[in-house]
Amino acid sequence: MENTAAVSQEIIDLIKEKAKMSRLETIRLISLAKSGHYGSSFSSSEIFSTLYYHIMKYDPERPQWKSRDRFVMGKGHSAVGMYPILADVGFFPKEELDTYTQLGSAFGDHPDMNKIKGIDFSSGSIGHGLSVGVGMSLGARIDGEKYRTYILMGDGELQEGQVWEAAMSAANFKLGNLVAIVDNNKVTVDGNTEELMNINPIREKWESFGWNVVDVDGHDVEALVEAFENLPSVDSEQPTAIICDTVAGKGVSFMEHGYEWHVANLGEEDIKRAIEEIEGGN
Amino acid sequence: MSTTTFHKDTWELYKSLEMSKQLTAGETLARLGNDHPEIVAMSSDLSKPTRLWDFGKEFPDRFFNFGLAEKNMVTAAAGLASTGKIPFVSTYASFLGVLAAENIRTAVAYPNLNVRLIGTHTGIAMGFYGSSHHATEDISITRAMANMTVISPADGVALSEMVEESVKTYEGPIYFRVSRGREEPVYERKENVVQNKIGKANVLKQGTDLTIIACGIEVNESLKAAQQLEEQGISTRVIDMHTIKPMDTEAVLNAAKETGAILTVEEHNVQGGLGSAVAEVLMESGVSCKFKRHGFYDEYSLIGKPYYLYQHYKLDGKGIASVAKEFLG
Numbered sequence: 006m007e008n009t010a011a012v013s014q015e016i017i018d019l020i021k022e023k024a025k026m027s028r029l030e031t032i033r034l035i036s037l038a039k040s041g042h043y044g045s046s047f048s049s050s051e052i053f054s055t056l057y058y059h060i061m062k063y064d065p066e067r068p069q070w071k072s073r074d075r076f077v078m079g080k081g082h083s084a085v086g087m088y089p090i091l092a093d094v095g096f097f098p099k100e101e102l103d104t105y106t107q108l109g110s111a112f113g114d115h116p117d118m119n120k121i122k123g124i125d126f127s128s129g130s131i132g133h134g135l136s137v138g139v140g141m142s143l144g145a146r147i148d149g150e151k152y153r154t155y156i157l158m159g160d161g162e163l164q165e166g167q168v169w170e171a172a173m174s175a176a177n178f179k180l181g182n183l184v185a186i187v188d189n190n191k192v193t194v195d196g197n198t199e200e201l202m203n204i205n206p207i208r209e210k211w212e213s214f215g216w217n218v219v220d221v222d223g224h225d226v227e228a229l230v231e232a233f234e235n236l237p238s239v240d241s242e243q244p245t246a247i248i249c250d251t252v253a254g255k256g257v258s259f260m261e262h263g264y265e266w267h268v269a270n271l272g273e274e275d276i277k278r279a280i281e282e283i284e285g286g287n
Numbered sequence: 211m212s213t214t215t216f217h218k219d220t221w222e223l224y225k226s227l228e229m230s231k232q233l234t235a236g237e238t239l240a241r242l243g244n245d246h247p248e249i250v251a252m253s254s255d256l257s258k259p260t261r262l263w264d265f266g267k268e269f270p271d272r273f274f275n276f277g278l279a280e281k282n283m284v285t286a287a288a289g290l291a292s293t294g295k296i297p298f299v300s301t302y303a304s305f306l307g308v309l310a311a312e313n314i315r316t317a318v319a320y321p322n323l324n325v326r327l328i329g330t331h332t333g334i335a336m337g338f339y340g341s342s343h344h345a346t347e348d349i350s351i352t353r354a355m356a357n358m359t360v361i362s363p364a365d366g367v368a369l370s371e372m373v374e375e376s377v378k379t380y381e382g383p384i385y386f387r388v389s390r391g392r393e394e395p396v397y398e399r400k401e402n403v404v405q406n407k408i409g410k411a412n413v414l415k416q417g418t419d420l421t422i423i424a425c426g427i428e429v430n431e432s433l434k435a436a437q438q439l440e441e442q443g444i445s446t447r448v449i450d451m452h453t454i455k456p457m458d459t460e461a462v463l464n465a466a467k468e469t470g471a472i473l474t475v476e477e478h479n480v481q482g483g484l485g486s487a488v489a490e491v492l493m494e495s496g497v498s499c500k501f502k503r504h505g506f507y508d509e510y511s512l513i514g515k516p517y518y519l520y521q522h523y524k525l526d527g528k529g530i531a532s533v534a535k536e537f538l539g
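Respectively, the protein sequence lines represent chains B and E.
Just so we're aligned: the first sequence equals residues 6 to 287 in my numbering.
Just so we're aligned: the second sequence equals residues 211 to 539 in my numbering.
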């Protein structure tokens, strides 16, 4: 998909609609698995849909197109929210999602690049993603390619030391084609990030590592579009971190802000309530 | 490079590196670099001791020094491989096959990417630097990773030939395990003749009473041991099992059937290394023979200069011969 100069209301509405679709499908898919990552998928929904319905260059007919933008999910456990989007944009038939987590399925809790079209790198081991992105960005530079590499990370992921090895190297190698997206939903498995192992101040950390830093409301589609559209040129000498202020479990009131919903399984009544709230939301 | 001048008797890093003649990966990649733009290389502040810099100085745009950050380096290599490159990653084996093991497993082996890892100064080659700098577990660790090929070349010619094969034809991730590079060579370089092919063991000496199966620098020591054993009337076959995974099972089974006794020799813990891999082949084939693993017996090495350590642990020619005699009874 090509970028457009002015963003029409139509596109904004489309991105919002697809974020909603991602949430609804997440509910359905987790109900097949009987366990899954609601909270951290919902905090990323608008980020996924902004990237895949407006910002990124890719071609579902040619998943290995050399010049495509890359997307790597450092927080691979949000894959359940991304699979429906990859299906919707045409990487594979939607029916394939019905196999989610079943024996031999391509679709597990964490994404596999060798089994799923549209997945640029396998993930699951928290803290690897940004390093993968450093490699992809170096590859682009060697080949004279102008694509960007986007790495989605959680705020809990920033507790991994390797993230900062990668941040240091990206600045050192002047990777202006690399974009780190921090889904700052403020919870991890065991509790609230700030109380469990504080990683604040996030902005200052990235700045001190030599990164260009942008703060944005991660559920405000207009703001996300603006942040991504105004990234410095891929030839600039500084990588960019977009820190998204998000809400874990966004869209379902009883899940919002609750670390208890990082991994869970909704009962029948709660599924109904969740679907109603998502469908009724903005 | 520092402009400091050293007195000729002063120990100096760059002088000592010139002694590492068997660390041939860098020069091999430099030779192949123009025809293979997909080659990239990286080290973690050890580009000179690993001699990967021999490539870096010729192709600075395709060489990356990651500083002391091995986990990031290995994972970034995987990212580069996903864009079609063949990354060569080299640092000391203790910081590669051991320290970065999870990154190798998850980012390289699991996605089955064409990353070539070269762990140098493996085993106890770092001598008095101590156990933190030794690697007597890296065969076991990397061999347990699905998709991974594990190679321990006997010398610089062997390393060079298999590095070239890994650029031109071989698919999938590879862990190379090499020593300091100061060792005596086994193979004489020959124009247009490839003496080491990945997955194919080399029978370097025929024999009928005993087979020594060795890898890495223990191949040369095993040849010396075989010579001593011959003088005592023990006809000894020597196999260079440079590729530990996938193993040349035919060479193992022929040795078992034809010599009736196998001694494995490795600069590695006997738990899970070359000897274990040979034992697995034998047990599953139903072919039985006398069998012993020689190496480190589930212990961390003493410190000392490597020359003395190899003697202490009976990993030199004389020591291997004594182990063999005792084994045969």
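Source of the hints: derived by calculation from the structure; they are not laboratory data.
Each residue gets a CB set at the ideal place from its N, CA and C atoms; glycine is no exception.
Incorrect hints may appear among the rest.
Said to hold, decoys possible - FRET-style restraints, in silico, Cβ to Cβ:
1. E/Tyr339 <-> B/Gly166: 57 to 65 Å
2. E/Ser498 <-> B/Val268: 47 to 55 Å
3. B/Ala38 <-> E/Gly294: 32 to 40 Å
4. B/Gln107 <-> E/Lys400: 35 to 43 Å
5. B/Val268 <-> E/Leu538: 45 to 53 Å
Verification of the hints:
Between tyrosine 339 of chain E and glycine 166 of chain B the Cβ separation comes to about 24 Å, which falls outside the hinted range of 57 to 65 Å. In this structure the supplied range 47 to 55 Å holds for serine 498 of chain E paired with valine 268 of chain B, their Cβ-Cβ distance being about 51 Å. Checking the proposed 32 to 40 Å range against alanine 38 of chain B and glycine 294 of chain E shows it holds: the Cβ atoms sit about 34 Å from each other. Look at glutamine 107 of chain B against lysine 400 of chain E: about 55 Å separates their beta carbons, and that is not inside 35 to 43 Å.
With their beta carbons about 59 Å apart, valine 268 of chain B and leucine 538 of chain E fall outside the hinted range of 45 to 53 Å.
When the structure is compared with the earlier hints, violations turn up for hints 1, 4 and 5 and for no others.
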